[in-house]
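Chemist: Please model the entire structure based on the sequences and the hints provided.
Here's the letter readout for the chains.
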Amino acid sequence: AQSVTQLDSQVPVFEEAPVELRCNYSSSVSVYLFWYVQYPNQGLQLLLKYLSGSTLVKGINGFEAEFNKSQTSFHLRKPSVHISDTAEYFCAVSVDYGGSQGNLIFGKGTKLSVKP
Amino acid sequence: DTGVSQNPRHKITKRGQNVTFRCDPISEHNRLYWYRQTLGQGPEFLTYFQNEAQLEKSRLLSDRFSAERPKGSFSTLEIQRTEQGDSAMYLCASSFRQGSYNEQFFGPGTRLTVL
Numbered sequence: 003a004q005s006v007t008q009l010d011s012q013v014p015v016f017e018e019a020p021v022e023l024r025c026n027y028s029s030s031v032s033v034y035l036f037w038y039v040q041y042p043n044q045g046l047q048l049l050l051k052y053l054s055g056s057t058l059v060k061g062i063n064g065f066e067a068e069f070n071k072s073q074t075s076f077h078l079r080k081p082s083v084h085i086s087d088t089a090e091y092f093c094a095v096s097v098d099y100g101g102s103q104g105n106l107i108f109g110k111g112t113k114l115s116v117k118p
Numbered sequence: 037d038t039g040v041s042q043n044p045r046h047k048i049t050k051r052g053q054n055v056t057f058r059c060d061p062i063s064e065h066n067r068l069y070w071y072r073q074t075l076g077q078g079p080e081f082l083t084y085f086q087n088e089a090q091l092e093k094s095r096l097l098s099d100r101f102s103a104e105r106p107k108g109s110f111s112t113l114e115i116q117r118t119e120q121g122d123s124a125m126y127l128c129a130s131s132f133r134q135g136s137y138n139e140q141f142f143g144p145g146t147r148l149t150v151l
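Heads up: the protein sequence lines correspond to chains A and B, in order. So the first sequence is residues 3 to 118, counted in this note's numbering. So the second sequence is residues 37 to 151, counted in this note's numbering.
I should point out that these hints are in silico values taken from the structure, not numbers from a laboratory. All figures in this text were calculated on a predicted structure; none of them were measured in a lab. The hints are all genuine.
Result set (SDA-like, lysine to any residue): computed pairs, CA atoms no more than 20 angstroms apart in a straight line:
hint: 1; chain 1: B; residue 1: Lys93; chain 2: A; residue 2: Val97
hint: 2; chain 1: B; residue 1: Lys47; chain 2: A; residue 2: Asn43
hint: 3; chain 1: B; residue 1: Lys50; chain 2: B; residue 2: Val150
hint: 4; chain 1: A; residue 1: Lys51; chain 2: A; residue 2: Asp98
hint: 5; chain 1: B; residue 1: Lys93; chain 2: A; residue 2: Ser5
hint: 6; chain 1: B; residue 1: Lys50; chain 2: B; residue 2: Leu151
hint: 7; chain 1: A; residue 1: Lys113; chain 2: B; residue 2: Gln73
hint: 8; chain 1: A; residue 1: Lys51; chain 2: B; residue 2: Arg133
hint: 9; chain 1: B; residue 1: Lys50; chain 2: B; residue 2: Arg147
hint: 10; chain 1: A; residue 1: Lys113; chain 2: A; residue 2: Gly61
hint: 11; chain 1: A; residue 1: Lys110; chain 2: B; residue 2: Ser94
hint: 12; chain 1: B; residue 1: Lys47; chain 2: B; residue 2: Gly121
hint: 13; chain 1: A; residue 1: Lys113; chain 2: B; residue 2: Gly76
hint: 14; chain 1: B; residue 1: Lys107; chain 2: B; residue 2: Asn66
Modeler: In structure tokens form, the structure reads like this:
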């Protein structure tokens, strides 16, 4: 079975500071990796994804993440955050069934709070 | 393309009542997913359809839950004899399966409160 662990439930940070949200996963098979963002009272929006190829992936709003297979990690980073980045961030995996993608398995989320 | 829509956005009901939620996927998306998100947790997979066929159901989907997708368009999720533990946000997502990866687009969710 697959699982996702987000190590920090809350991350407070000052505006324009860098931030890293940590994510580790467990899987015995090949997976796809995702980060989603959820603003209050809204649905989930895809920030970025890793399917294959380059381990450094860039997403929307200046976020990037690095896939580390040996450490089974997919940490999300942003060099300089804005107040508008305040939201909850979810790491997710889905199994690669060799031609078909399975459902998403999410971590518990990390609440990013950006302070002025 | 108006995105995935869900109705109602909020539902308050008394324990023991039945409730039904509706999800309208993005037009021409052939896959439709239901997830449940409780407070302080990430979304958990419930079930998914490819066209009108329900292909997978999570063990979370008890006998009181039933989902349908007639004609492969909109979907409904019904909960019978609601319990307080059913209080959660119910999220719907849709995707178009083409190749190995299909991005799931999420709706805004239906928040259920069972009193």
